[in-house]
Amino acid sequence: MNPLRAIWEYLKEISGENAYDKYLVVHSSTHPGRRPMNRGEFYRWRQNEKYNNPGSRCP
Amino acid sequence: MGNSIRRYGVWVGIALVGAVCWGVLALSRGETVNAGWLLFAAIASYAIAYRFYARFIQKKVLETDDSRATPAERLNNGRDFEPMDRRVLFGHHFAAIAGAGPLVGPVLAAQMGFLPGTVWIIVGVILAGAVQDMTTLFFSMRRDGKTLGQMAREEIGPVGGVAALVAVLSIMVILLAVLALVVVLALAESPWGSFSIAMTLPIALLMGVYLRFLRPGRVLEVSIIGIGLLFLAIIGGGWIAESSPYADFWTFSPNQIVFALIAYGFIASVLPVWVLLAPRDYLSTFMKIGTIMLLAIGIMFTLPAIQMPKATPFAFNGEGPVFAGPLFPFVFITIACGALSGFHALVASGTTPKLIQKESQTRFIGYGAMLMESFVAIMALIAATTLDPGIYFAMNAPASVLGDTVQSASQAVNGFGFSVSPETLQTTANNVGEESIVGRTGGAPTLAVGMSAIFSGLIGGPALQAFWYHFAIMFEALFILTTVDAGTRVGRFMIQDMIGNVYRPFANPSWLPGNLISSALIVGAWGYFLYVGVNDPLGGINQLFPLFGIANQLLAAVALTVGTTILIKMGKLRYAWVTGLPLLWDASVTLTASWMKIFSPDPGLGFFAQRGAAQEALANGELYGTAQSADDVRQIITNSTVDGVLSILFALLIIIVLVDATRVWFGIIRGRKEPDLSEAPWEESRLDSEGQPVEEREPVGTGS
Chain A
1 MNPLRAIWEY LKEISGENAY DKYLVVHSST HPGRRPMNRG EFYRWRQNEK YNNPGSRCP
Chain B
1 MGNSIRRYGV WVGIALVGAV CWGVLALSRG ETVNAGWLLF AAIASYAIAY RFYARFIQKK
61 VLETDDSRAT PAERLNNGRD FEPMDRRVLF GHHFAAIAGA GPLVGPVLAA QMGFLPGTVW
121 IIVGVILAGA VQDMTTLFFS MRRDGKTLGQ MAREEIGPVG GVAALVAVLS IMVILLAVLA
181 LVVVLALAES PWGSFSIAMT LPIALLMGVY LRFLRPGRVL EVSIIGIGLL FLAIIGGGWI
241 AESSPYADFW TFSPNQIVFA LIAYGFIASV LPVWVLLAPR DYLSTFMKIG TIMLLAIGIM
301 FTLPAIQMPK ATPFAFNGEG PVFAGPLFPF VFITIACGAL SGFHALVASG TTPKLIQKES
361 QTRFIGYGAM LMESFVAIMA LIAATTLDPG IYFAMNAPAS VLGDTVQSAS QAVNGFGFSV
421 SPETLQTTAN NVGEESIVGR TGGAPTLAVG MSAIFSGLIG GPALQAFWYH FAIMFEALFI
481 LTTVDAGTRV GRFMIQDMIG NVYRPFANPS WLPGNLISSA LIVGAWGYFL YVGVNDPLGG
541 INQLFPLFGI ANQLLAAVAL TVGTTILIKM GKLRYAWVTG LPLLWDASVT LTASWMKIFS
601 PDPGLGFFAQ RGAAQEALAN GELYGTAQSA DDVRQIITNS TVDGVLSILF ALLIIIVLVD
661 ATRVWFGIIR GRKEPDLSEA PWEESRLDSE GQPVEEREPV GTGS
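Sequences listed follow chains A and B, in order.
In this text, residue positions in the first sequence follow this note's numbering: the first is 1, and each later residue adds one.
In this text, residue positions in the second sequence follow this note's numbering: the first is 1, and each later residue adds one.
None of these hints come from the bench; they were simulated from the model.
Quick caveat, the model's predicted, so the values are computed rather than measured.
Here a beta-carbon is modelled for each residue, glycine too, at the ideal position from N, C-alpha and C.
Just to be clear, a hint being listed does not mean it is correct.
Derived lysine to aspartate or glutamate pairs resembling DMTMM-like cross-links, with alpha carbons at most 20 Å apart [as the list claims (entries may be wrong)]:
hint, chain 1, residue 1, chain 2, residue 2
1, A, Lys12, B, Glu189
2, A, Lys22, B, Asp85
3, A, Lys50, B, Asp80
4, A, Lys12, B, Glu82
5, A, Lys12, B, Glu221
6, A, Lys12, B, Glu674
7, A, Lys22, B, Glu690
8, A, Lys50, B, Glu690
9, A, Lys50, A, Glu13
10, A, Lys50, A, Glu17
11, B, Lys59, B, Glu674
12, A, Lys12, B, Asp144
13, A, Lys50, B, Asp144
14, A, Lys22, A, Glu41
15, A, Lys22, B, Glu674
16, B, Lys572, B, Glu674
To spell it out: a stretch of chain A is covered by chain B in this simulated footprint if at least three of its residues, at any positions, have a beta carbon under 8 Å from a beta carbon of chain B; those stretches are [claimed, not checked]:
hint, region
17, 7-20
18, 36-44
So these bits of chain A aren't anywhere near chain B, every CB distance computed over 12 Å [claimed, not checked]:
hint, residue
19, Pro3
20, Pro32
21, Gly33
22, Gln47
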């Protein structure tokens, strides 16, 4: 894979940009037949999840 | 055989490079030393530590087992539990542990010269900080991602658990106050800085709307737009600073910024996260990683010379203007992040362990990310020590000592035993586009001047130095404010949780009155310390920063105590020194510092001595120290009382945790107590080392 492409893929992965696509894969295998959330719903849900269960961060 | 000789040959080579670099640093006399020696001493030491010591911890002490399924695999729910690629997880973990701490501490500690800070950052991270992060990560992972507080309660007992909780909440308050103080000191009287930081609010708002309504989840896209706008805001700040009516409008006094920050912190905590917090989080993460990479490249290419001496007289006489107290223990208190930071134990338990694919990766993620943070601290130290020491002290001594003019500052610096001409101070201020750089304490402006010198050596030359200075200020302020947002929120949840135990409705995080009251409590708490810090007649950062360091190291003591306890329970008593020795060191540093802060008869160092001296002065109708009025003296009395009581609280907490843990240790060693390990049961892993399910792996040798 060319390096720029690899960096772009890494950025997508680390920023969570492709989280929805991964969710669709997991969802279809764990809950086949049930309607998955759409992109907007998924990100709203994910964001709430992240900040309502605050882990921590360093100064 | 030939192979292993070659392999070890490489390591012998690295060891030699490291030894030579260390030698040059230690033996340098008088003349300046190139920063390259420092950089390569650090890199060689990290490489050897990672290859040998971290491997020893992984193989012998923790005995990681890759055939054992991690919680991410067993409990995979596609949300908080999910096996994540180790490189991606490394990025997340690093972004969560590395904030403003590793940038501020080394800059302040540079008053003692470059060597004490360098040695502590490198040796500390190898033997203590990275060990704490790695072991905490591992133990939390073996317990399905339990938090530090839960582990303390289960492994030590309820007393240890409560102490950990109190430690976390109080460190949060002091931390937020100190960080906000750094921002205030960087932005006060600086129209350029104030304008560009203020612009991050509309930018974040725009990004929030974009992410929520226009293009949900397009994080990269919106971050690129946001960063572009951020650069425009910095350039715009330059225009504002040059055009007088706007410049006056955007010039704020420290107290105006204090109240703006307090209001902002409250609003950001009450609002839903998508409005401000989440978009700023993206912005600051990208800015952080980008700027750190740029700084590394800048130092490698420009290889600046270190101007600060190896050790200044302040390392021995304890009379430093930036913070009081002798080298031991105060260098080890001032530099926490980058060497040993208890705060990391909160990240390493709870979030990251739920995402690890394989047990052996705790070395790369826990130990490796901490080495990386240590490297950031080294770069901050380089940026600060490549400045002319005269400029460094003129920026970092309390404003009350330096006076208002470049002439008085120059004289004061001469009094410290360094020299800087008034003209140099004025030229430097002009170069970075500020009215004055005198008494700009807090570490951020110093680092920004150092960084701007390095960046402009790389791109743009002197013409762009003002831009780079404000770029650096923006970068620091941005992620400090993100920490203030996020930390206030964490504190708010903790308070809601605590009150929720007594009064039910509070436990529901979305109950509005509970939200408002808890937010007000946490903002009020850090706001108080912030206000007091900004208005402290003796200079706030030098009073508050040691408290922050002590609180942070207190948390490290809790984490290392938990680690030692678990090692003993695992039957690994002969390896208990791996966390036990750092614990012993950390406890002696923290307790000595607390002791001095509480009992020292020197009013410059001991809070209660200071209180006594100020009271005496007040009773005699005199002024105390740099106080300008009787009210100032009264304020000094109040401040030193509050700070002193906090020091006592922190010291007591450490002693309680240690005593409680010792009871558990001896119980187990003497066989009186069952070592009740609360690990999750063993289950076989069905993932290969790349995280792919074993069944789906393509058969080897099909050829394609």
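The hints, checked one at a time:
In summary, the hint linking A:Lys12 to B:Glu189 is not supported, as the alpha carbons are separated by about 40 Å, beyond the 20 Å threshold. Using a Cα cut-off of 20 Å, the hinted pair A:Lys22 and B:Asp85 holds, with the two alpha carbons roughly 13 Å apart. With a C-alpha separation of about 9 Å, the suggested pairing of A:Lys50 with B:Asp80 holds against the 20 Å cut-off. A hinted pair counts as satisfied when its Cα atoms are at most 20 Å apart, and A:Lys12 with B:Glu82 qualifies at roughly 17 Å.
For the hint linking A:Lys12 to B:Glu221, the alpha-carbon distance of about 10 Å falls within 20 Å, and the restraint holds. Between A:Lys12 and B:Glu674 the alpha-carbon distance is near 48 Å, which puts this suggested pair outside the 20 Å criterion. For the given pair, A:Lys22 sits about 17 Å from B:Glu690 by alpha-carbon distance, which is consistent with the 20 Å threshold. With a C-alpha separation of about 26 Å, the suggested pairing of A:Lys50 with B:Glu690 is violated against the 20 Å cut-off.
Pair hint A:Lys50 plus A:Glu13 holds up; C-alpha atoms about 16 Å apart against a cutoff of 20 Å. The suggested pairing of A:Lys50 with A:Glu17 holds, with an alpha-carbon distance near 15 Å, which does not exceed 20 Å. Distance restraint check for B:Lys59 and B:Glu674: the Cα-Cα separation of roughly 25 Å exceeds the 20 Å cut-off, and the hinted pair is therefore not satisfied. Restraint check: the Cα-Cα separation between A:Lys12 and B:Asp144 comes to about 27 Å, which exceeds 20 Å; the hinted pair is violated.
Distance check on the hinted pair: A:Lys50 and B:Asp144 sit about 18 Å apart at the alpha-carbon level, within 20 Å; holds. A C-alpha spacing of about 15 Å is found between A:Lys22 and A:Glu41, which places the hinted pair at or below 20 Å, so the restraint holds. Straight-line distance between C-alpha atoms of A:Lys22 and B:Glu674 comes to about 44 Å, which puts the hinted pair past the 20 Å bound. A C-alpha spacing of about 15 Å is found between B:Lys572 and B:Glu674, which places the hinted pair at or below 20 Å, so the restraint holds.
Counting residues of the region 7-20 of chain A whose C-beta sits closer than 8 Å to any C-beta of chain B gives 10, which meets the bar of three, so the coverage hint holds. For the region 36-44 of chain A, the proposed coverage by chain B is satisfied: 5 residues have a C-beta within less than 8 Å of a C-beta in that chain, meeting the threshold of three. Residue-level check passed: A:Pro3 sits 14 Å from the nearest beta carbon of chain B, beyond 12 Å. Residue-level check passed: A:Pro32 sits 14 Å from the nearest beta carbon of chain B, beyond 12 Å.
Every Cβ of chain B is farther than 12 Å from the Cβ of A:Gly33; the closest lies at roughly 17 Å, confirming the non-interface assignment. At the 12 Å boundary, the C-beta of A:Gln47 falls inside the reach of chain B, the nearest C-beta of that chain being 5 Å off.
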